[in-house]
Every structure is written in structure tokens, then in C-alpha cells.
Amino acid sequence: MSYAINTLTRSLNVFHLAGSACNNCDIEILDALTPRYDLERFGITLVGSIRHADVLLLSGIFNRKARVRLLELLRQAPKPYLVVAIGGCPATGLLFRESYNFDRPPGDYVPIDAFIPGCPPKPEAIISGMVRVIEGLRSGALAPRCMEAGRPAPASALPETAA
Amino acid sequence: MSGAEIFLEFLLFPGLLFTAAAGLLTSWVDRKVTAMVQMRVGPPLLQPFYDIRKYFIKETCVPQGGAIELFLLAPLIGFAGVTLASLILWRALLDTEATFIGDLIVLIYLLLMPAVGVILGAFASRNPLASIGGSREVKLMIAYELPLVLVVLVPVIQAGSIRLGDLLAAPAPAGTLSGALALLAGIACLQAKLTLVPFDMPEAETELAGGVLIEYSGAPLGLFKLTRAMMLFTLPVFLVALFFGGLVTAHGWMSGLIGLLAWLLLVALTIVLRNTTPRLRTDQAVRFFWGPVSVLALLAVVLAWAGW
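Protein chains in written order, with this note's numbering: chain A, 1 to 163; chain B, 1 to 308.
Some hints here could point you the wrong way.
[Claimed, not checked] The list that follows gives simulated cross-link-like pairs (lysine-lysine, BS3-like), each with its CA atoms no further than 30 Å apart: (1) A:79 / A:122; (2) A:65 / A:79; (3) A:122 / B:32; (4) B:32 / A:79; (5) A:65 / A:122.
Think of the hints as simulated: they come from the structure by calculation, not from any bench.
All chains should be built: construct the whole structure from the sequences, respecting the hints.
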């Protein structure tokens with residue numbers, strides 16, 4: 001395990017970006033920080049600026065307008081960072097899939113490191129997901145995708161947004 | 001004193017390493033007590049160390065169009081200020097004869113440096129939210145500096161000296177009426193100087209999303225956080241030195257114990273205050289400091305002149 005990974009996994013600051021979510025995942029994310037579940041035990045805190053963050057947490061579907069914001073945030077995030085998608089929406093779109101504003105899953109144009117499924121996932125599932133992300137990083141099964149060499153910058157997906 | 005000794009003193013014992021370690025430990029106490037107030041478990045003991053260490057492996061993003069040199073220099077200003085302040089303070093605490101005349105005035109200026117660094121960094125980052133935070137910090141600084149100087153005047157009048165060593169050798173002012181009143185005003189200034197709730201409007205997580213520090217990432221952000229932790233340790237020590245005759249004193253171990261208890265009490269009070277109060281608006285804070293707190297401090301000064 002490298003020094004950087006060890007250091008990173010002991011203190012994850014999370015920035016939460018809600019796309020067009022139905023808000024249930026957002027509520028469950030806050031639940032995971034409440035006294036009953038207390039994610040701060042693992043050094044995980046929620047921060048208000050992407051510049052302070054190590055994890056970009058996505059929830060909900062991402063329509064064309066939200067996609068621009070998502071890519072902008074990824075451009076601003078300091079490396080190394082992780083992208084974690086919470087709930088079923090970022091993976092498949094779930095019930096919004098046939099909606100007029102559904103664009104495509106953000107996994108198509110953004111490197112997502114982990115999905116925490118559920119609609120919404122329970123706080124227990126979120127904690128279990130985060131712990132597995134940390135374990136994966138520490139065992140080497142998972143590497144922050146932004147650190148991979150030769151990966152195209154996310155901004156390359158920007159052009160076709162004007163529609 | 002040889003150059004090597006000065007170097008060691010600056011880097012190791014009362015200076016950098018000691019203050020940083022003590023500051024991070026104090027910030028853990030802060031987080032743990034906060035967690036206990038909210039009936040949570042809270043972070044492990046080494047969490048503040050992990051946090052700071054992590055900031056130093058992260059990429060340092062520089063905002064486009066900002067004043068880059070100032071943006072990167074600003075965290076160092078506050079960091080150097082608090083390190084030097086702690087060095088001077090602890091030198092006086094350990095040996096009351098080791099200090100120079102007027103060190104108290106130098107100390108007041110050095111303890112101002114972290115706030116100045118935050119303000120410069122905020123304005124240099126060219127972020128509107130940081131600018132709002134920075135201007136709030138300026139207003140807050142203008143508000144609390146007046147009563148703080150009045151508060152410092154009380155021990156000075158009682159001891160008849162502006163040398164910290166003489167202040168420490170004189171009987172502790174907290175036992176007198178003027179000293180007790182000044183301490184009360186000093187606690188309010190302490191809270192504002194640490195920009196903790198109810199005086200956290202420069203950061204205001206919920207409205208400014210980190211405010212003054214919003215554009216900072218990586219090592220500069222780590223330095224800011226470290227500076228803040230060191231201030232959380234140093235400022236209560238400063239108040240203890242002013243009002244309780246210090247932590248390590250010429251008056252014997254009993255007095256030192258009282259100093260330690262007073263330090264713990266001040267830190268505990270700060271933490272409890274920050275967990276039980278809502279955020280004030282800037283105008284309310286300025287009114288509070290220029291009104292009741294200044295009047296209280298002025299009253300203490302007058303009483304100190306009268307010999308109470």
C-alpha cells in the first residue's frame with residue numbers, strides 16, 4: 001500500500017453533488033452523518049467546497065445542464081480524488097429513464113470508482129459502501145481513476161452539451 | 001545563546017513542532033467533545049494528524065486570474081505568525097527573565113497575523129464567496145481588536161510593565177475584580193479570534209460554503225487548518241498567561257496547576273459555546289464587541305487604575 005493511499009483513506013472529505021435527484025438519497029447521505037451512524041468515526045466529513053474534497057459523491061440522474069456542472073466540478077477537484085455514485089439513478093436512471101430530460105448515465109463520460117446501489121440506499125449500506133471503497137483502495141483492488149495515466153480529461157466530453 | 005540553540009528552539013520545543021502537536025491534540029479534543037455533545041462517537045485520536053497529512057499529498061489548485069503569489073504566500077503569513085507568537089509566549093512562561101521589554105505588544109501583533117493571512121488569501125483567490133468571507137473577517141477583526149487591547153491593558157496596569165515576564169511574576173489578575181471582568185471580555189474576544197461559532201461568519205459553511213478558504217486545496221489549505229489548530233492551543237495559553245500567572249510559573253507548582261486547569265476550562269468553554277450558539281450576523285457581532293464587551297473591558301481598565 002502506497003503512502004498516498006494510506007494517507008488518503010484515513011481522511012476522506014466528501015463533496016456531495018445532487019443531480020436531478022428525488023432527494024431521498026440526499027437525505028440518507030445526511031443520515032449517515034447523524035449521531036446514530038456517525039461517519040466521522042472513519043474520518044469522513046462533508047465539506048462545502050470541491051477544492052477541499054477527496055470524494056465527489058453523485059446522486060440522482062444527470063440531465064444535460066447538470067452534466068456541464070459535473071464536468072466543471074471534476075475539472076476543479078484536486079487530485080487524487082474518487083467519484084462515488086450513490087443510489088440507482090447514476091447507474092441506470094431508474095424511473096427517470098424514460099423522462100424527457102434524461103441524458104445518459106454519468107458513468108458514460110465521468111470515471112466513476114464505486115457505485116452504492118439502492119433506492120435510496122440505507123445509511124448502513126452507505127457506510128458499508130464507503131468502508132468497502134476504503135478497503136479496496138488499501139488492498140489495491142481499486143485505484144483512484146483520476147490517477148490512471150493516459151486517461152482523457154473529462155472536459156473532452158463537453159462539446160455536445162448545447163442542445 | 002548559539003545559533004543552533006535558537007534554531008532548535010524555533011523548530012522543536014516551544015516553537016513549531018511542539019505548538020503544532022499540541023494544537024492538533026487540542027483540535028482533536030474540540031472534535032471529540034463536539035461529538036460527545038451531539039451524542040456521537042467522534043473521530044479517533046490521530047484524526048487531526050491524518051487530516052493535515054492528507055492535505056499535503058493533494059494537488060494544489062490555483063484559481064485562474066487570482067493573485068497567485070499572494071494566494072500561496074498568505075497561509076505562510078498566518079503560520080509564521082502563530083509559530084513566533086507561541087515561541088515568545090512559551091519562552092516567557094518557561095523563564096520570566098528570558099524576554100524583552102514590549103514583547104506583549106509584539107505578541108498582540110503576531111496573534112493578529114493568522115487573521116491577516118486568511119484575509120489576504122481570501123481576496124487573492126478571486127472568488128466572490130471568498131471575498132464576502134474576507135470582508136466579514138475584516139469587520140470582525142476591527143470589532144474584536146479594540147476590546148482585546150483593553151483586556152490586555154488590565155494586567156499591564158496591575159503589573160506596571162509591558163514585559164510578559166513581569167506580568168507572569170506579578171500576582172495573578174484573575175483574583176481581582178478588574179481582572180475577572182477583563183477575563184470575561186477576553187473570552188468573548190478569544191471566541192471571535194478563533195472564528196468559532198457564534199462568530200464564524202467568515203466561513204459560514206451553510207451560506208458561503210467554506211467562505212475565506214473556498215479556493216484553497218492541498219498544502220496551503222493544510223497550513224491554514226494547522227494554523228487554526230495552533231491558534232486554538234495558543235490563544236487560551238495567552239489568556240492564562242495574562243490572567244492566571246501562566247502554566248509554568250515562579251509561584252510554584254500549585255499555581256502552575258491552577259494555570260493548567262484554567263487552560264482546560266477556557267478550551268472547554270470555547271467548545272461548549274461553539275456547540276450551543278447560533279451564528280451571529282456581522283453587524284450583530286460588531287455591535288456586541290463595540291457595545292457590551294468594550295464597555296466591560298473599559299470598566300475593567302478604570303477599576304484597574306483605581307486599584308481594584
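Are residue 122 of chain A and residue 32 of chain B close enough, with their CA atoms no more than 30 Å apart? holds (26 Å)
Verify the proposed pairing of residue 79 of chain A with residue 122 of chain A, using a straight-line Cα cut of 30 Å. holds (29 Å)
Given the hint that residue 32 of chain B pairs with residue 79 of chain A, does the C-alpha gap stay at or below 30 Å? holds (29 Å)
Going straight from one Cα to the other, do residue 65 of chain A and residue 79 of chain A come out at no more than 30 Å? It holds: about 24 Å lies between the C-alpha atoms, which stays within 30 Å.
Pair hint residue 65 of chain A and residue 122 of chain A, alpha-carbon separation not exceeding 30 Å: Roughly 28 Å separates the two Cα atoms, so the pair holds.
The structure fails none of the hints (numbered hints given earlier).
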